[in-house]
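There are 2 protein chains.
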Amino acid sequence: MSQIITKAACIGGGVIGGGWIARFALSGIDVAVHDPHPEARRIVEEVLEGARRAWDRMLSVPRGPEGRVTFHDTLAEAVADADYIQESVPERLDLKHKVFAAIEAAARPEALIGSSTSGFKPSELQAGMTHPERLFVAHPFNPVYLVPLVELVGSPASDEAALTRAAEIQREIGMHPLRVRKEIDAHIGDRLLEAVWRESLWLVKDDVATTEEIDDVIRYSFGLRWAQMGLFETYRIAGGEAGMKHFIEQFGPALEWPWTKLMDVPEMTDALATKIGDQSDAQSGQHSLRELERIRDDNLIGIFQALKQNDWGAGQTLSAMEARMRDRAVPAEAPDPAAPLALHRATVPAEWLDYNGHMTEHRYLQVFGDATDAFLAHIGMDAGYMGAGRSVYTVESHLRHLAETGPGTALTVRTTVLGHDAKRIRIHHEMVDAAGQVQATAEHMLMHVDTKAGRAAPMEAPLTDRLAALSPGQRGIAAPGHAGRPIRDIGWPEPEAE
Amino acid sequence: MSQIITKAACIGGGVIGGGWIARFALSGIDVAVHDPHPEARRIVEEVLEGARRAWDRMLSVPRGPEGRVTFHDTLAEAVADADYIQESVPERLDLKHKVFAAIEAAARPEALIGSSTSGFKPSELQAGMTHPERLFVAHPFNPVYLVPLVELVGSPASDEAALTRAAEIQREIGMHPLRVRKEIDAHIGDRLLEAVWRESLWLVKDDVATTEEIDDVIRYSFGLRWAQMGLFETYRIAGGEAGMKHFIEQFGPALEWPWTKLMDVPEMTDALATKIGDQSDAQSGQHSLRELERIRDDNLIGIFQALKQNDWGAGQTLSAMEARMRDRAVPAEAPDPAAPLALHRATVPAEWLDYNGHMTEHRYLQVFGDATDAFLAHIGMDAGYMGAGRSVYTVESHLRHLAETGPGTALTVRTTVLGHDAKRIRIHHEMVDAAGQVQATAEHMLMHVDTKAGRAAPMEAPLTDRLAALSPGQRGIAAPGHAGRPIRDIGWPEPEAE
Numbered sequence: 001m002s003q004i005i006t007k008a009a010c011i012g013g014g015v016i017g018g019g020w021i022a023r024f025a026l027s028g029i030d031v032a033v034h035d036p037h038p039e040a041r042r043i044v045e046e047v048l049e050g051a052r053r054a055w056d057r058m059l060s061v062p063r064g065p066e067g068r069v070t071f072h073d074t075l076a077e078a079v080a081d082a083d084y085i086q087e088s089v090p091e092r093l094d095l096k097h098k099v100f101a102a103i104e105a106a107a108r109p110e111a112l113i114g115s116s117t118s119g120f121k122p123s124e125l126q127a128g129m130t131h132p133e134r135l136f137v138a139h140p141f142n143p144v145y146l147v148p149l150v151e152l153v154g155s156p157a158s159d160e161a162a163l164t165r166a167a168e169i170q171r172e173i174g175m176h177p178l179r180v181r182k183e184i185d186a187h188i189g190d191r192l193l194e195a196v197w198r199e200s201l202w203l204v205k206d207d208v209a210t211t212e213e214i215d216d217v218i219r220y221s222f223g224l225r226w227a228q229m230g231l232f233e234t235y236r237i238a239g240g241e242a243g244m245k246h247f248i249e250q251f252g253p254a255l256e257w258p259w260t261k262l263m264d265v266p267e268m269t270d271a272l273a274t275k276i277g278d279q280s281d282a283q284s285g286q287h288s289l290r291e292l293e294r295i296r297d298d299n300l301i302g303i304f305q306a307l308k309q310n311d312w313g314a315g316q317t318l319s320a321m322e323a324r325m326r327d328r329a330v331p332a333e334a335p336d337p338a339a340p341l342a343l344h345r346a347t348v349p350a351e352w353l354d355y356n357g358h359m360t361e362h363r364y365l366q367v368f369g370d371a372t373d374a375f376l377a378h379i380g381m382d383a384g385y386m387g388a389g390r391s392v393y394t395v396e397s398h399l400r401h402l403a404e405t406g407p408g409t410a411l412t413v414r415t416t417v418l419g420h421d422a423k424r425i426r427i428h429h430e431m432v433d434a435a436g437q438v439q440a441t442a443e444h445m446l447m448h449v450d451t452k453a454g455r456a457a458p459m460e461a462p463l464t465d466r467l468a469a470l471s472p473g474q475r476g477i478a479a480p481g482h483a484g485r486p487i488r489d490i491g492w493p494e495p496e497a498e
Numbered sequence: 001m002s003q004i005i006t007k008a009a010c011i012g013g014g015v016i017g018g019g020w021i022a023r024f025a026l027s028g029i030d031v032a033v034h035d036p037h038p039e040a041r042r043i044v045e046e047v048l049e050g051a052r053r054a055w056d057r058m059l060s061v062p063r064g065p066e067g068r069v070t071f072h073d074t075l076a077e078a079v080a081d082a083d084y085i086q087e088s089v090p091e092r093l094d095l096k097h098k099v100f101a102a103i104e105a106a107a108r109p110e111a112l113i114g115s116s117t118s119g120f121k122p123s124e125l126q127a128g129m130t131h132p133e134r135l136f137v138a139h140p141f142n143p144v145y146l147v148p149l150v151e152l153v154g155s156p157a158s159d160e161a162a163l164t165r166a167a168e169i170q171r172e173i174g175m176h177p178l179r180v181r182k183e184i185d186a187h188i189g190d191r192l193l194e195a196v197w198r199e200s201l202w203l204v205k206d207d208v209a210t211t212e213e214i215d216d217v218i219r220y221s222f223g224l225r226w227a228q229m230g231l232f233e234t235y236r237i238a239g240g241e242a243g244m245k246h247f248i249e250q251f252g253p254a255l256e257w258p259w260t261k262l263m264d265v266p267e268m269t270d271a272l273a274t275k276i277g278d279q280s281d282a283q284s285g286q287h288s289l290r291e292l293e294r295i296r297d298d299n300l301i302g303i304f305q306a307l308k309q310n311d312w313g314a315g316q317t318l319s320a321m322e323a324r325m326r327d328r329a330v331p332a333e334a335p336d337p338a339a340p341l342a343l344h345r346a347t348v349p350a351e352w353l354d355y356n357g358h359m360t361e362h363r364y365l366q367v368f369g370d371a372t373d374a375f376l377a378h379i380g381m382d383a384g385y386m387g388a389g390r391s392v393y394t395v396e397s398h399l400r401h402l403a404e405t406g407p408g409t410a411l412t413v414r415t416t417v418l419g420h421d422a423k424r425i426r427i428h429h430e431m432v433d434a435a436g437q438v439q440a441t442a443e444h445m446l447m448h449v450d451t452k453a454g455r456a457a458p459m460e461a462p463l464t465d466r467l468a469a470l471s472p473g474q475r476g477i478a479a480p481g482h483a484g485r486p487i488r489d490i491g492w493p494e495p496e497a498e
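Going down the list, the protein sequences come from chains A and B. Under UniProt numbering, the residues of the first sequence are numbered 1 to 498, in order. Under UniProt numbering, the residues of the second sequence are numbered 1 to 498, in order.
Note that these hints are calculated values from the structure, not bench results. Treat each hint with caution, since some may be false.
[To be verified] From chain B, some residues computed to sit far from chain A (all C-beta separations above 12 Å):
| no. | residue |
| --- | --- |
| 1 | 131 |
| 2 | 133 |
| 3 | 162 |
| 4 | 326 |
| 5 | 334 |
[Said to hold, decoys possible] The calculated lysine to any residue pairs, modelled on SDA-like cross-linking and capped at a C-alpha distance of 25 Å, are:
| no. | chain 1 | residue 1 | chain 2 | residue 2 |
| --- | --- | --- | --- | --- |
| 6 | A | 423 | B | 289 |
| 7 | B | 205 | B | 285 |
| 8 | A | 245 | B | 289 |
| 9 | B | 452 | A | 353 |
| 10 | B | 245 | A | 183 |
| 11 | A | 205 | B | 249 |
| 12 | A | 245 | B | 278 |
| 13 | A | 205 | B | 205 |
| 14 | B | 245 | A | 286 |
| 15 | A | 245 | B | 91 |
| 16 | A | 98 | A | 71 |
| 17 | B | 205 | A | 469 |
| 18 | A | 182 | B | 207 |
| 19 | B | 245 | A | 271 |
| 20 | B | 452 | A | 355 |
No residue lacks a Cβ here, since even glycine has one placed at the ideal position from N, Cα and C.
Here chain A stands alone, though its shape is the one from the complex (with noise of 0.2 Å):
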């Protein structure tokens, strides 16, 4: 379990604050905070809730040991032995500069501070520091504990290398880090979000459309497409053969037509808070708070988890996350030879649930499928073995299904040899959930096969080598009841039954 940081601590503690105490926390580092907030701890918690059952849903891999979350009465006591400092408090300068001084004077010097904000440039923070070389603007997106980017933003006063090592750490938590050029107000991402902001507040106080509608016409387009691809890469795919220049020189034209109205910034008033209030009122009022963050939560799941079986975009950081997780997983020492082998673990995922919310029916054998190649590579079945044309295919397999498996449950599989001859190996499956118990069975008949040739072979070392050592311990457990047993005979009713 190696750490890339051993204590991080949160200033702030808000839903932004949250969000990052839950990322620290569910990638097992400590994190203490320091919220002055009466309800901070409730908060908090609320949003560690809503990031465990994110986490367990989105994740194919054991989430591992969460860090602890100390709540300080006092800032200084918070940072006194953090690696990592993250400020999330509201968006005024002036309080700003007062977190950074009181930081300061408590925190490690080596200690580096990532601010939260949305608008201001890392050389407004730093101003009156006496290190600013080691602040920088880290901002994150809601939900925090799933949306990966986090712009990172120094000055010419920041220190790279301090840079670089907030990004290593930023990945270390799931976060997708992007290094901004400039400093700039409201570095990038906001930037192009108050301008559709602005646009759209047009649209709701000219009666154009109401707040429901402008939602309608994004995820029903272009928010389909940027889920996935930017702007430019879209554009990209629009311009066709001819190729971006010649597109952009196209487009180009457009940009002169009278349409935006964003040389203007309407006036915010009353009247128009009240309609787009009552609008938004009308549009999902019917759902409660907790309900449109869970709806948006398991979108974004959904969304990551299609993401990454095309190897793309936010899938790549999912797929990232789990082999970290997997390498820091407490390597299993050898398992016990004459008892069941554990050697493959897994968490249901929500994209794996049927329409009842429990594991679908094929989901069964894709957990035991994969616990088998986790066998057969504990007997020495590698790349190179079957770079070499051999290779081992499940021929027959008994399932038997003995309970309603539901989201995020952690599932171990417990693997018997029943047999074996010089070209097939019986094996039996026991899957378990965290409270040992069984919900589900699989016997299969497992044949080495040459697959240049395309038919069965012996099995050649080191799979021969394995099994025999594996022979003393395995051959004395009994095998299971249902081992070796076939499916219940049952017939027709006889006629007269009927």
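Based on the hints, put chain B in the right spot on chain A.
Chain B only, in chain A's frame:
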């Protein structure tokens, strides 16, 4: 097969026109195409190919028969007997006026006319028409065969009934029609896109970010949110308990900050166009245009399926589309009850392959599971039956893998009922390819359950009656030799044999 229209005409067969043609044809509607471009037929065929591939991967139901696509040398011939005409010619008002005049001269007086224009107002398009009331803007987004939004915009001269009927037709081809309340330049979607576009051009021009960095900001942050919720619903959540109006009032001030540079329009100099072109090449040049289209389409499909799982947004559009296709599906004439029942077909998509290039183990069970669902539907287990808290679960399965099934294999599952009692049904599936080669077999024990009580319960009508009706034929079919057989009992070799 109730068709809302019998024939559509598409004037202009570029990327957008081709997308419309694919939507109509794949929805079973004949399309007459006119486009003087010498390459028009090739371009349309390519878009159709991409659309067929995408729909096959996206849909969980067979596509059903395609409408005929015919190409015509004259516009008059193409529109002559069309009920709905979609114009997708280049964005020049004079050209569009010519096209509409030609359409009016040759089309049925009651035919509807939709324009794909992204910028012009319907009143501008209607100028000079004899029957302007039946013309409206029907503005789609690329790729039209996948992205569901279509902005329907009328002018004061438009006929309300025509727009209502247009929305019905659009829904019929799987679109999500949005009626825009007032005609404005560029409607709604392109207003928002233009705002982001302008801001992005400044960021590139000022070297704050490259095209790739801007795309990454979008697809790793708010793009993930906008695929499911828009701007306002997302902010509603961010606003928290305080509510939308409060959030808006907070946000208000930021609007006066000197962030955005949208007040100016960046001049599209050749230097800027080249810069963008070069950066785009560096970003996406490693993928061919065709590759990028496939990646985009596969990601969209995954996102649709993820949202469908959560019954949300564009996922609901897909569900509705599949429901319509099920209704339209030519009812298979009742299968011969004295033979195995062919109730489920599937084609092996690329996502189902393992590293050997063969269908992955668990996908066989997925196909068999779908075949079991088809059988249960065949004996009367519908939404109503399950809604009453009764369902059928698979409790045991015996699979035999007999072939290495490759991509694109057209699979048919033949189901035999081996027997049943009050609570259980025992069935046998045979999975064959187009040549009748058996790929795999499955024997399943199904249990009828009271889902509320969570325990086995006797079957009820209509399941009982349907099984009785199947009895005379099915009981006569000899059970395959392997049915009711266990996996061969292979133990450990004798120690001396090692």
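Quick rundown of the hints versus the structure:
1. 131: Given that every Cβ of chain A is farther than 12 Å from that of residue 131/B, nearest at about 26 Å, it holds.
2. 133: Non-interface label on residue 133/B holds, nearest chain A Cβ at 22 Å vs cutoff 12 Å.
3. 162: holds (20 Å)
4. 326: holds (15 Å)
5. 334: holds (20 Å)
6. 423/A <-> 289/B: violated (47 Å)
7. 205/B <-> 285/B: holds (21 Å)
8. 245/A <-> 289/B: Given that 25 Å is the threshold and the Cα spacing comes to 15 Å, the pair holds.
9. 452/B <-> 353/A: holds (18 Å)
10. 245/B <-> 183/A: violated (31 Å)
11. 205/A <-> 249/B: Judged against 25 Å, a Cα distance of about 15 Å means the pair holds.
12. 245/A <-> 278/B: holds (8 Å)
13. 205/A <-> 205/B: Roughly 31 Å between the alpha carbons, so the hint for residue 205/A and residue 205/B is violated.
14. 245/B <-> 286/A: Answer holds: residue 245/B to residue 286/A is near 17 Å, not above 25 Å.
15. 245/A <-> 91/B: holds (19 Å)
16. 98/A <-> 71/A: It holds: about 20 Å lies between the C-alpha atoms, which stays within 25 Å.
17. 205/B <-> 469/A: violated (67 Å)
18. 182/A <-> 207/B: The given pair, whose Cα atoms are some 8 Å apart, holds under the 25 Å limit.
19. 245/B <-> 271/A: Holds. Residue 245/B to residue 271/A sits at ~10 Å (cutoff 25 Å).
20. 452/B <-> 355/A: Answer holds: residue 452/B to residue 355/A is near 15 Å, not above 25 Å.
Taken one by one, the earlier hints fail for this structure at numbers 6, 10, 13 and 17, listed in ascending order.
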